[in-house]
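Residue numbers (our numbering), protein chains in the order written: chain A, 1 to 777; chain B, 778 to 889; chain C, 890 to 1382.
Hints listed in this document are in silico derivations from the structure and should not be mistaken for laboratory results. Since we're looking at a predicted model, the values are computed, not measured. A few of these clues could be false.
[As the list claims (entries may be wrong)] To be clear about the criterion: a stretch of chain B counts as covered by chain C if any three or more of its residues have a C-beta under 8 Å from a C-beta of chain C, and this derived list gives those stretches:
no., region
1, 800–810
2, 828–840
3, 843–851
4, 865–871
[Stated by the list, open to error] Below are the EDC-like pairs computed for lysine to aspartate or glutamate, each with C-alpha atoms no more than 20 Å apart in a straight line:
no., chain 1, residue 1, chain 2, residue 2
5, A, K715, C, E1089
6, A, K560, C, D1244
7, C, K1247, C, E1346
8, C, K1381, C, E994
9, C, K1335, C, E994
10, C, K1247, A, D445
The C-beta atom is built at its ideal place from N, Cα and C for all residues, glycine as well.
Single-letter residue listing:
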Amino acid sequence: MIFAVFLPLLFALFVPYISKIKAKVHTGIFVLIIPILIFLYFIRFIGTDFSPVTETISWIPSLGINLTFYLDGLSLLFVLLISGIGSLVVLYSIYYLHKSERLGHFYVYLLMFMAAMLGVVLSDNVFVLYMFWELTSISSFLLIGYWHYNQRSRYGALKSMLITVFGGLSMLGGLILLSVVTNTTSIQSMIAMSDVILNNDYLPLILTLLLLGAFTKSAQFPFHIWLPDAMEAPTPVSAYLHSATMVKAGIFLVARFSPIFAGYEWFFIIVSIFGIATLCWGSYMAVRQTDLKAILAFSTISQLGMIMAMLGFGTEVAIFAAVFHILNHATFKGSLFMVAGIVDHETGTRDIRKLGGLLTFMPITATLALFGTFSMAGIPLPFLNGFYSKELFFDATLHLNEGTLPITNFLVQIIPYLAVFGSIFTFVYSLYFVFGVFGGKKQIDQLPKKPHEAPIGMLVSPIVLVLGIILIGLFPNMVNGTFIAHAAQAVSGVPIEKDIYFWHGFITPFFMSLAVVGIGFVLFLTRAKWAKVYHAVPGNFSFNGVYDWTLSKMDTVPSKITNTYMTGSLRLYAALILSTVFLITLGALLLTNGFTISFDNLAEITVLEIAVVTIMAVAAIATIFARHNVSAILILGVVGYGLAILFVIYRAPDLALTQLVIETITVALFLLCFYHLPNLRSPNEQTGYKFTNALIAIGFGALMTVIGIAAHSSKWFDTISEYFLETSYKLGGGDNVVNVILVDMRGLDTLFEIVVLGIAALAIFSLIKLKRNKGAE
Amino acid sequence: MEIVTSILAGLLFATGIYNLLQKQLLRIVIGTTLISHGAHLFILTMGELKRGLPPVLTDGITEYSDPLPQALILTSIVISFGTTSLLLVLAYRTAKENNTDNMGQLRGTENE
Amino acid sequence: MSNLAVLPIILPLLFGIILALTHNRIPLSRFLTKTFTIINLGVVSYITFRVFNQGTITLETGGWEAPYGIVIVADSLAMLLVLTTNIIAVACAFYAPHSLSERQEKYYFYPFFLLLITGVSGAFLTGDLFNLFVFFEVLLMASYGLIVLGGDKVQLRESIKYVIINLFSSMLFVTAVAFLYSVVGTINMAQIAERVQEVEQQGILTTIAILFFFVFATKAALFPLYYWMPKSYIVPNPVVSALFGALLTKVGIYSILRMFSLIFIHNIDFTHPLFIWIAGLSLIFGVIGSISTNNVKLIVAYNIIPAVGFLIMGIGVFNEDALSGTIYYLVHDMFIKAVLFLIVGVIVYVAGTSDLRKMNGLINYYPLLGWLLFISAFVLAGIPPFSGFIGKLLLLKGALSVDEVIIVLIALISSLLILYSIMKIFINGFWGEKQESDNIKLKSTKGFMGPIVFLLEFSVMLGIGAEFVYPPIASISEYLLNPELYIDSVLKE
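Chain A extracted, bound-state conformation:
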């Protein structure tokens, strides 16, 4: 099982070589083997006596991150979809993509996705799940951007990545919280500890974060906006990732975790609201589209909403219907995408306004489309699987669990109506799709290419899917006991026994279906008349607009913010840094009562010292007001020499000597460098600047003084210097303790002090030299 997940990745490594060496043969032919093998591997597990299988390989056991793969009914359903639809899509792509395309890239991305998606549905470890989850986003990004020279592709790719990775990260937050709360990384263990989670204070946060992940991935309202733009990907990708599998990852996540949250009323409220809203909005908007793939994209959004809503309902029939619909949706939507691809391929356009009357040119395709759309519309015919799950959906909306919160009961009341509303539009766009393309009058002159029926190879995959529609429709119980029931049981936690019939009698769901068909048909015929409503709702508003607005703000606002302080002005930088340090350090001083002052242990004050100190102080202040370079430098020298005198007074002869020498050299250097530069100007800035400068300077200086005094007043320990005095002669062999410290005890300091000087010399040399060379060139 683990091998099955990594097989596509392993194979992907060889794809670039295959595509190069066997350039004459379509790379897809080799790739096709992989999903078929996986499909055959997993199909063995189907059976009435199926029980979950676990396999583990240690990866990072010390962090609890292991490749634990858990195959239960739910994941089995998904792996079969992934590998089954995957095989059909690869087959289809062989005819869809020409050999001159960069096939190597395409199949590497596709295989990467396949592995990632298998990983998502099989992982029991939350972090491994997250890893595969992001990998699906990444491969989807690459596939949408496959034709990256199109601006639309780049736009769509970025959009899908931003939204799904955002969701992924918030899901990660939820998963980490879950693992902190339960102290495990295994989903099955978490489910076993659901009472712990339900009683945790973080429950709302966990739920929100997880659902954000699920909703963004499954294109739930209002995060659905990335899906229509994802249609820039080659059609096989749309059929595979953006309708049959990846977008169902969010559904999968909710299904996977719903045993944990089953008892939590807000779970029902949030998931149902978002699901129903998505259903209605998606189907409503689909009617408005003119691009075939856009219609299908909104239709996918709407169908995903419907499945999501059913998971939110959480009743047995709802879960059963949800799982059943996952399968059905994959069959009819997959085939419809392929049909759209065929139409695009053979006519050169996907614009429904230019298409029409293609029935005579492409009869097989038209038939396939008819089955697909009618199944999607939920037309009550016994050979269409879509009808069954639609009917179960209606049934589920009528049997919702009452709750304790008023909003729950309100939802219970209105959901059936909203369900009918959404389904009516589903019906409308289904007819719109099939009759818009294949019915109506011919407009051959509008088409870029002369239409004809697709090659048989391209038709195989949609035919297989349509056969699926019919077979499931005719023998629904064939997939029920062996397959759907296990999946539903995995979601609900209890065995669900449900027989599927075509005819239930004259019960409410049947009348709901009739209403959908009736009203839907009227609306379809009168479409031109009521299309004006789209001017009112959504009118000029679109969620896309919100996204575009945000993105454009992301380009402008941060640079505005950043440019306010990143001005390149040293003064501003220094002022900001100094005031921060000042304020927070002062805060620390005050809050910790750090200040103490003691007058006990002070040296006496002599007149000489006061004189020197005063001179230094005056000189230091005078530097501010100096007008001439030379005078400023000399005044600075006064401070330096003053310091040397202080060193003498304070019994530091070596220091005094050094200071004298160095001050002299420094002054000389100053003069050398600045003699030729313009004279100092009076600081002719605004008084405001002067004032802040002075404030910062005085504040900071005072703070240092205060800390210094406090530090000096808190001598709580003997210094280690006693040791130096004791051992200087004995061990160091010198009388001058400072010298012994420098060359011996702290010789390392001195060594590197010389190194610093050396580097400085080299740096100065190269500064001067590089300039000279420049002049010479």
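With chain A held as given, fit chains B and C onto it using these hints.
Just chains B and C now, with coordinates in the frame of chain A:
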């Protein structure tokens, strides 16, 4: 006296910082020099001032001033010297190369 | 055998001096630099291996016993970082000849480079606070030498800001050392820790701690002290940017980690929440900066800020998971920042501009470069199975287990924007149409790719091979939470 030197060191910091906040390069370099003087004075003050003789061992004397801060200051003076010299040359070269010694004009744009 | 501990400092110093002598002979310098960095890496690997197996090696330099002389403390944390430093050094040594002009090579790039490594290694290894200052000066001085190398207008202009800000923070550093010396009467870090513990960090000590924090925070480019950083990091040659981005800010973070896990840990309720605030603001303003610009170099430079935000967050949370996260992320970030700066260097080289708006369709000509950038983006954003994820996971886990929810949410959103900032380069610069005209001369990227791939491999291995890396790192964080281990290894033999 330690309090007085602390105040002086604080003042050196303050005047140094005031100069640092100016636009003209020379003033800025003067500022950094003043700040390093302040820092060295702080180190000296933090050992105790004038307790005993210079730390050169002499027979019969047990009271010496603290040698460690002195050693540290020595290292620090030399290092500051290195940095200041570099800064001076750099400032000079910058001023020459950019034809201005005004940091207010040395800001730059985003894409260079 | 304890002399081993000083080798990571002394060897590059010697090599640096040799290279200063051979600076006129460029081919020889190149060869020697490559050889030296490899030798150094070998030695450091051996020492690291020993330290992890047999425990901390301490060396009392000059034979003067601690706490009186200077001690070199090669503990697991220091050695891990020294090792990482030297791996990056090898990559840079191989990248440099392709990226530098001969003039730059001639004017002491190689000596500065090795002395920078000396300073960085010294800062990681020393057990003496004043000596830490000295090593800071070594690495800063070497960085001054590197940043002005080339000496054009822009470079000089940004260098001077860099030098001035760092000079100020160095002066603040010595002053803070003096204050601390006055209170505890010692500058040996282990003994300071012991004494601060004895008086329970009362009185002025917390204020001094904050002062130290700001000294290091300025070097680490944390909010709100990073203004000097982005532009001064992009003006020098890419290989210099890579060294700066990978090493310099991280030395600041290391120092904060050391000071606030060893010494100032007795007023955690006051100091550490401050770190979390600063972490949050660094994350926010860092990512805002990184998406604010179209200059590809600047995008990477700004990305340093959220990264140090992540690092400081772990120190602020201060439990085992969070500290492990910080250390993991530290190592990860050193690698990936070097990688990104090196990649962006090549991008600017082949595109002839650093303005993203003027680039298009590079992937048609430089596919490998594009995919390396693509992978790096996910490594940086912390997408599994790459290295950033493990660090981030630990950090977030640590933060959530002490109910720091808001910082976690900020961290998650930042990760998205970090990814966006790099993907912007990929989408706008690499994707796009092949140019029609023939006047595009393809520039050879030979020689650049080896070092980048070499470093990126480590990033990937740190993630996939986490089982080999995490346990030692967890042991480091456990070790940091028990400061008496450090104190004993220095003071009690």
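Now for the hints, and whether the structure bears them out:
1. 800–810: Since three or more residues must qualify, the claim that chain C covers the region 800–810 of chain B holds, with 3 doing so at under 8 Å.
2. 828–840: violated (count 0)
3. 843–851: Our answer is that it holds, as 3 residues pass the Cβ test (under 8 Å) against chain C, meeting three.
4. 865–871: holds (count 4)
5. A/K715 - C/E1089: Since the Cα atoms of A/K715 and C/E1089 sit roughly 14 Å apart, the hinted pair holds (cutoff 20 Å).
6. A/K560 - C/D1244: Cα-Cα ~18 Å, so holds.
7. C/K1247 - C/E1346: Roughly 30 Å separates the two Cα atoms, so the pair is violated.
8. C/K1381 - C/E994: 47 Å, violated
9. C/K1335 - C/E994: 19 Å, holds
10. C/K1247 - A/D445: Given that 20 Å is the threshold and the Cα spacing comes to 41 Å, the pair is violated.
Violated hints, in rising order: 2, 7, 8, 10; the structure is consistent with all others.
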